[in-house]
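*Asks:* Chain residues, written in single-letter form:
2 protein chains.
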Amino acid sequence: MAVQFTAEDYAGRMRRAAAEAVQAGYAGVLVTPGPDLVWLTGYQPTALTERMTMLILREGEPPRLVVPKLEEPDAQAATGAPVLEFVPWTDGIDPYTVTRPLLGPQTAYAVADSAWALHVLGLLRTVSGLRLTPLTDALPMLRAVKDPHELDRLAAAGAGADAAYGQILGVAFAGRKETEVAADLAALLREHGHEQVDFTVVGSGPNGANPHHEAGDRTIATGDTVVLDFGGLRDGYGSDTTRTVHVGPDVDDEVRRVHDLVRTAQQTAFEAVRPGVTCQDIDRAARKVITDGGYGEYFIHRTGHGIGVTTHEPPYMIEGERLPLVPGMCFSIEPGVYLPGRFGVRIEDIVTVTEDGGRRLNNTSHDMAIVA
Amino acid sequence: MAVQFTAEDYAGRMRRAAAEAVQAGYAGVLVTPGPDLVWLTGYQPTALTERMTMLILREGEPPRLVVPKLEEPDAQAATGAPVLEFVPWTDGIDPYTVTRPLLGPQTAYAVADSAWALHVLGLLRTVSGLRLTPLTDALPMLRAVKDPHELDRLAAAGAGADAAYGQILGVAFAGRKETEVAADLAALLREHGHEQVDFTVVGSGPNGANPHHEAGDRTIATGDTVVLDFGGLRDGYGSDTTRTVHVGPDVDDEVRRVHDLVRTAQQTAFEAVRPGVTCQDIDRAARKVITDGGYGEYFIHRTGHGIGVTTHEPPYMIEGERLPLVPGMCFSIEPGVYLPGRFGVRIEDIVTVTEDGGRRLNNTSHDMAIVA
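Residue numbers (our numbering), protein chains in the order written: chain V, 1 to 372; chain Z, 1001 to 1372.
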């Protein structure tokens, strides 16, 4: 059972967000419902609607939640609610006008990436001089460094995903549709503690060459290479794991060669992880192995992404991202090679940065498993 | 089985959106994944992510979909794809720079309400002179008037919700938690064809006085008034229905009086529905009944909202909304009275505007049902 976050945990996160905003040159942070609001307050409305809810964080001011009157009782029930000042508004009132005086004289704010255009444009129209910057650009590290309880949850999510992988190797692949194996994977993730399944990619044969193929009607056949990429949330924290398996023992030479290459790339990038190394260094480490192996043009995505209360979040392991790694950061390392019309190979673990290197939160073998 | 929409259906919607944008003074429409994109193209990505997908609609130009290269194959599989021109972008490329030349010389665009701040601000930063207006404000009627196949789906969703209501009256209420009855309601909606359940409100006793209370740990008791508000999607179109029931036959006089009043308000607003009447007239019709009955201050929300590919959408039945009703529009009429700490009453049907009046898409009785 995960340790429960307390109102004081949330208060600490909100204080830190406000302080980091000031250090970065912003007056504060504006947060609408979504992963940032969950992380900062524990509050997740029943549904995302057109009625504006917005958390306003400013250093030296109490955190304020502008919230539809109708939804105030639900918000009051959130764990972080005791440290919030509530500013309810009712239908017929303009919520942007309600928000304006709460922003103070400085008007450069960081805003949650997923805040709706409706609200962003409503505020820009109403608050003269307002300048907004997405949180990803303004404070890319805000949620990146995990505290020990968060790390425990991410490790538990990884362990659940590992257990699901162990069991999926025992199901029938040949003769079944991708969607059937995907359903098995989803059920296994739930069996192993996930309350939410975000994706269960089963990319067999040529479908594996489409990195974001989910799962389709294709019937898996003996001789297929199959990419399995699965993840979701366990106790509110994410898993995201990929392994590439083979149906039957007769593995084509090129499949074997590409799998070895991707495996080496994953291992090389993992070994590059330590504090002070930049995000782009991790991408470069993986990419160099694949490029040197002659498959660089077929590695068509970045090497990784952060993970926490969502399965995809900043910072990204991509050329041009110069943020340095810090102990407690958690992200994916997932190089891949995709040969159009033929097959794909990807291997992905979640790793966390330690004081002197990295630690994997996934611990199943990188060998290409043979399935039936 | 619902009639399937075709590529030509989607092409027609996209042409109409582009034409209406020009009529309203915009260069076109920008649409990110969400209900507008589903309605316009049939395309719904597996997940909403930080990687930008954006549909650009301009009169006289082919509809263009800027899409992450990784997700292009999935987008290509959408029903509306044959009429789209694809503009893929790869990791490391700036999608806003890719989008800029596609916008043309005029730079006033309507944008989907739920487009992420990340993308809205990215475009505003990149495209000089760009002016964005949320679709709700720019083209509030875009999805409001339903075609006959859409009406069929909404009617089928309403019929499914009605069937679920009929059966929920037979389950035990007294002695069970709200969450248990809510789970029954969700199962019944699925049993009656809903592929997605959006909400199952069970507000018993004082919880009924919180209009957006979902369902909690409270154990329902004999003598409770219980608000049941439930809906979701069936074949991609929404249901949203509310009835207020009573546990046991001994109904308090004030509960009876308030229920009669809300019922009359609902009926009065329904009878006001006809082409040319404004949205605010519907709100006023319901509100006058409740105000005249002495409970005006306890009717704390607007009277209704549009419904279609989402369960909440414009236009809204609220004071100040002067849009006239048009045949084919579908919306909720849901007056309520909420007495803090005591009980609440709400009655809600979905209605559609006909050539000379209104037609209900929910057809169960408005009598206060007695449950056990």
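It should be emphasised that the hints constitute simulated quantities derived from the structure, not laboratory data. We treat Cβ as the ideally placed atom computed from N, Cα and C, and that holds for glycine. Keep in mind that a hint or two might mislead.
[Said to hold, decoys possible] Covered stretches of chain Z (in silico footprint by chain V; criterion: 3 or more residues with CB under 8 Å from a CB of chain V, positions within the stretch not fixed):
id	stretch
1	1082 to 1095
2	1103 to 1109
3	1129 to 1138
[Said to hold, decoys possible] Heads up, simulated EDC-like pairs for lysine to aspartate or glutamate below, C-alpha to C-alpha not over 20 Å straight-line:
id	chain 1	residue 1	chain 2	residue 2
4	V	177	V	195
5	V	69	V	85
6	Z	1288	Z	1260
7	V	288	V	260
8	Z	1069	Z	1050
9	V	177	V	214
10	Z	1069	Z	1059
11	Z	1288	Z	1252
12	Z	1288	Z	1250
13	V	288	V	271
14	Z	1069	V	214
15	V	69	V	50
16	V	69	V	94
17	V	177	V	217
18	V	69	Z	1319
19	Z	1288	V	180
20	V	288	V	252
21	Z	1288	Z	1271
22	V	177	Z	1074
23	V	288	V	235
24	Z	1069	V	271
25	Z	1177	Z	1214
26	Z	1069	V	297
27	Z	1177	V	74
28	Z	1069	Z	1091
29	Z	1177	Z	1137
30	V	288	Z	1319
31	Z	1069	Z	1094
32	V	69	Z	1050
33	V	69	Z	1260
[Said to hold, decoys possible] Ranges of calculated distance between the beta carbons of each label pair, as one might list FRET restraints:
id	chain 1	residue 1	chain 2	residue 2	range
34	V	254	Z	1141	37 to 47 Å
35	V	86	Z	1370	45 to 55 Å
36	Z	1169	V	195	28 to 38 Å
37	V	85	Z	1190	39 to 49 Å
38	Z	1320	V	276	53 to 63 Å
*Asks:* Report the numbers of all earlier hints that the structure fails to satisfy, in ascending order.
*Replies:* Hints 2, 4, 10, 11, 12, 19, 20, 23, 24, 29, 30, 32, 33, 34, 35 not satisfied by this model.
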